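**Student:** So the chains spell out like this:
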Amino acid sequence: MKASVAFFTGLAFALGLGLGGVTRPSVVLGFLDVTGHWDPTLAFVMAAAVGTYAVLQWRIMRRARPLLEPRFGVPSRIGVDMPLIGGAALFGIGWGLVGFCPGPAIVAFGAAVPEALLFVVAMGAGMLLFDWRTKGR
Amino acid sequence: MALIGGTLIGASAAALLLVLGKVAGISGIAGAIPHADTGDRAWRIAFIAGLASGGMLLRVLVPNAVQFDVERSVATVVAAGLLVGYGTRLGSGCTSGHGLCGVARASRRSIVATATFIATGMVTVLAMRLLQVLV
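These protein sequence lines map, in sequence, to chains Z and X.
Following this note's numbering, the numbering of the first sequence begins with 1 at its first residue and continues without gaps.
Following this note's numbering, the numbering of the second sequence begins with 1001 at its first residue and continues without gaps.
Check each hint, because a few of them may be wrong.
Said to hold, decoys possible - Looking from chain Z toward chain X, a few residues come up when the C-beta cut is under 7 Å (computed):
#1 M1
#2 A3
#3 G10
#4 L11
#5 A14
#6 Q57
#7 A64
#8 P66
#9 L67
#10 M82
#11 G87
#12 G92
#13 W95
#14 G126
#15 M127
It should be emphasised that the hints constitute simulated quantities derived from the structure, not laboratory data.
Values in this document were obtained by computation on a predicted structure and should not be read as measured data.
Glycine included, each C-beta is placed from N, C-alpha and C at the ideal position.
Let the sequences and hints guide you as you build the complete structure.
**Tutor:** Structure below.
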């Protein structure tokens, strides 16, 4: 049951990304190309997504618990620290190099885009590298 | 279409939150798989499989929606993947975790993270244009 829900929300999320156009690197890079030929598409996608989610999550979080789990697992850390900033900075560089972030890359991987396969493998390696470096801390 | 896609993204993330109580932060969902116990691992793998299946579906229904429509060398794609993988783990999130879910609940951490990765993303694109590197 839980896996099915997760599967179908992932599927819907992917369709949203695809319909929004952000599974094409040119759209993302167009948004990041702020001094060049700026493409605001990503801003519209994000605005609609954040607006929709913000309203819905505000109502959902008033519940005592989710439907199929005993408690919510929403992150609760507050402080801004160097790993957050450093990590975001590095992520942004990778994002700006190719126009892929994890979600769209996995969707493109599913669509058998060769560059996405390469990217996803490298992304996995990058994640494992982080885990390896922080092991035992 | 951008607004329709965005609304669907937001709604599906909200569905995950309502039913399973989880945040649709894809780097976090994927990144925790190696360390998760069996029960925790199942929904994560299912979500990722859903994303990939969505890609398969899009390929059939809306073929132009998913394509690598820029020119990048193998080295650049690999470097980008490594940076995204490492950076999202170090920074505890990505565009969906911080940019969508965190910003939507006005998390200061996520607002700062999102501003940061958008900024370095923009600088990177500018730098690549200035250097006119054939990547």
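**Student:** If a hint holds in the structure, say so; if it doesn't, say that too.
**Tutor:** Hint check:
1. Here the hint on M1/Z is broken, as its CB sits about 9 Å from the closest CB of chain X, past 7 Å.
2. Proximity of A3/Z to chain X holds as hinted, the smallest CB-CB distance being about 4 Å (cut-off 7 Å).
3. Interface hint at G10/Z: satisfied, since its Cβ lies 2 Å from the closest Cβ of chain X, which is below the 7 Å cut-off.
4. Because the smallest distance between the Cβ of L11/Z and any Cβ of chain X comes to about 4 Å, under 7 Å, the interface hint for this residue holds.
5. Annotation: A14/Z was flagged as interfacial toward chain X, and the flag holds, the nearest CB pair being 2 Å apart, inside 7 Å.
6. Annotation: interface hint on Q57/Z holds; nearest CB of chain X at approximately 6 Å, less than 7 Å.
7. This hint is violated: A64/Z has a C-beta 11 Å from the nearest C-beta of chain X, more than the 7 Å allowed.
8. The restraint placing P66/Z at the interface with chain X holds, with a minimum CB-CB distance near 3 Å, inside the 7 Å limit.
9. For the restraint placing L67/Z at the interface with chain X, the shortest Cβ-Cβ distance is roughly 5 Å, inside the 7 Å limit, so the hint holds.
10. Annotation: interface hint on M82/Z violated; nearest CB of chain X at approximately 9 Å, more than 7 Å.
11. Contact between G87/Z and chain X, as hinted, is supported at the beta carbon level, the nearest pair being about 2 Å apart and thus within 7 Å.
12. Taken as an interface hint, G92/Z checks out: its beta carbon lies about 3 Å from the nearest beta carbon of chain X, inside 7 Å.
13. This hint holds: W95/Z has a C-beta 5 Å from the nearest C-beta of chain X, less than the 7 Å allowed.
14. For G126/Z, the interface hint holds, since its Cβ comes within 7 Å of a Cβ in chain X; the closest pair sits about 2 Å apart.
15. Using the Cβ-Cβ criterion of 7 Å, the hint placing M127/Z at the interface with chain X is satisfied: the shortest such distance is roughly 4 Å.
Checked against the numbered hints given earlier, this structure breaks hints 1, 7, 10; the rest are met.
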